[in-house]
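J.: The whole structure should be built from the sequences, with the hints applied where relevant.
Sequence lines, in order, name chains L and Z.
Under my numbering, the first residue of the first sequence carries the number 1, and numbering increases by one thereafter.
Under my numbering, the first residue of the second sequence carries the number 1001, and numbering increases by one thereafter.
Since the hints were made in silico from the structure, they are not lab data.
Any given hint might turn out to be false.
Example chain L residues on the side facing chain Z (calculated, C-beta under 10 Å, incomplete) [as the list claims (entries may be wrong)]:
no., residue
1, M10
2, C12
3, A13
4, Y36
5, Q38
6, Y87
7, L97
8, G100
9, A101
From the derived model, a few chain Z residues whose C-beta atoms are all more than 10 Å from chain L [said to hold, decoys possible]:
no., residue
10, D1027
11, G1061
12, T1075
To spell it out: a stretch of chain Z is covered by chain L in this simulated footprint if at least three of its residues, at any positions, have a beta carbon under 8 Å from a beta carbon of chain L; those stretches are [what the hints assert, rightly or not]:
no., region
13, 1035-1048
14, 1087-1095
15, 1109-1116
Glycine residues also receive a C-beta, built at the ideal position from the N, C-alpha and C atoms.
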Amino acid sequence: DAKTTQPPSMDCAEGRAANLPCNHSTISGNEYVYWYRQIHSQGPQYIIHGLKNNETNEMASLIITEDRKSSTLILPHATLRDTAVYYCIGREYGNKLVFGAGTILRVKS
Amino acid sequence: GAVVSQHPSRVICKSGTSVKIECRSLDFQATTMFWYRQFPKQSLMLMATSNEGSKATYEQGVEKDKFLINHASLTLSTLTVTSAHPEDSSFYICSAPNLRGFGTEAFFGQGTRLTVV
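T.: Written as structure tokens, this is what we have:
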């Protein structure tokens, strides 16, 4: 599975968009980009995934660059409850999820 | 939606005893489940892949005799920490892939906080 690189931490003002970047320059053509988040002392929560097209669901949007070497998770209107560790993972269908260090997102009022 | 239930959520045990953690998929069948361990301020570390009807596959460096995994049915996997020691104190999390859709997501249990005293 592809190695991903994320900034260790980010701050975001409540109500503003949170844009979380992820580099995955070694991603292969069969690997999806997955985003999960983990709120303190809970199991990870699925957010969104994509292959090469941009994706949007009720939680977030995922923007994947044309060369697929990087992506950005967008939380359009961050709330205090979005404070969590966000993980970007490159993974082939059905494979195990391998977590990196992730980005600690702090949403501040 | 699909849910993975993990039990217990918190357990304290004495050093030298064994602890069993259960992971159930509630409304879907899971032929494969994954077990993770997470130490404070660290990321999740994959320990092993639990396979229904066959032996578990352990990641490098994980002692299979210490962390016994049994995938008894299509909805239940158990992790037993044998002869627990204080260094085994950690947050243990299970996961099951939802194979109903392409590009499947994985569902996670709520985790088990193990404290060995």
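J.: Each hint needs a verdict: does it hold in this structure or not?
T.: Status of the hints after comparison with the structure:
Violation of the interface hint for M10/L is found here, the shortest Cβ-Cβ separation to chain Z being roughly 16 Å, above the 10 Å cut-off. At a threshold of 10 Å, the smallest CB-CB gap from C12/L to chain Z is about 21 Å, leaving the interface hint violated. Checking A13/L against chain Z by beta carbon gives a least distance of about 25 Å; that is not within 10 Å, so the hint is violated. With a cut of 10 Å, the hint placing Y36/L at the interface with chain Z holds, because the nearest CB-to-CB distance is about 8 Å.
Contact between Q38/L and chain Z, as hinted, is supported at the beta carbon level, the nearest pair being about 8 Å apart and thus within 10 Å. For Y87/L, the interface hint holds, since its Cβ comes within 10 Å of a Cβ in chain Z; the closest pair sits about 7 Å apart. This hint holds: L97/L has a C-beta 6 Å from the nearest C-beta of chain Z, less than the 10 Å allowed. A hinted interface residue such as G100/L counts as satisfied when its beta carbon comes closer than 10 Å to some beta carbon of chain Z; here the least separation is about 6 Å, so the hint holds.
With a least beta-carbon distance of about 5 Å to chain Z, the hint placing A101/L at the interface is held under the 10 Å criterion. Even its closest Cβ contact with chain L, about 16 Å, leaves D1027/Z beyond 10 Å, as expected for a residue assigned away from the interface. Every CB of chain L lies more than 10 Å from the CB of G1061/Z, the least distance being 14 Å, so the non-interface label holds. Every beta carbon of chain L lies more than 10 Å from that of T1075/Z, the smallest distance being close to 17 Å; the non-interface claim holds.
Beta-carbon proximity to chain L at under 8 Å applies to 5 residues in the region 1035-1048 of chain Z; the threshold of 3 is reached and the given coverage holds. Three residues within the 8 Å Cβ limit are the bar, and the region 1087-1095 of chain Z against chain L gives 3, so the coverage statement holds. Closer than 8 Å: that is the beta-carbon criterion, and the region 1109-1116 of chain Z has 4 residues meeting it against chain L, so the requirement of 3 holds.
Hint compliance for this structure: hints 1, 2 and 3 are not met, and every other hint is.
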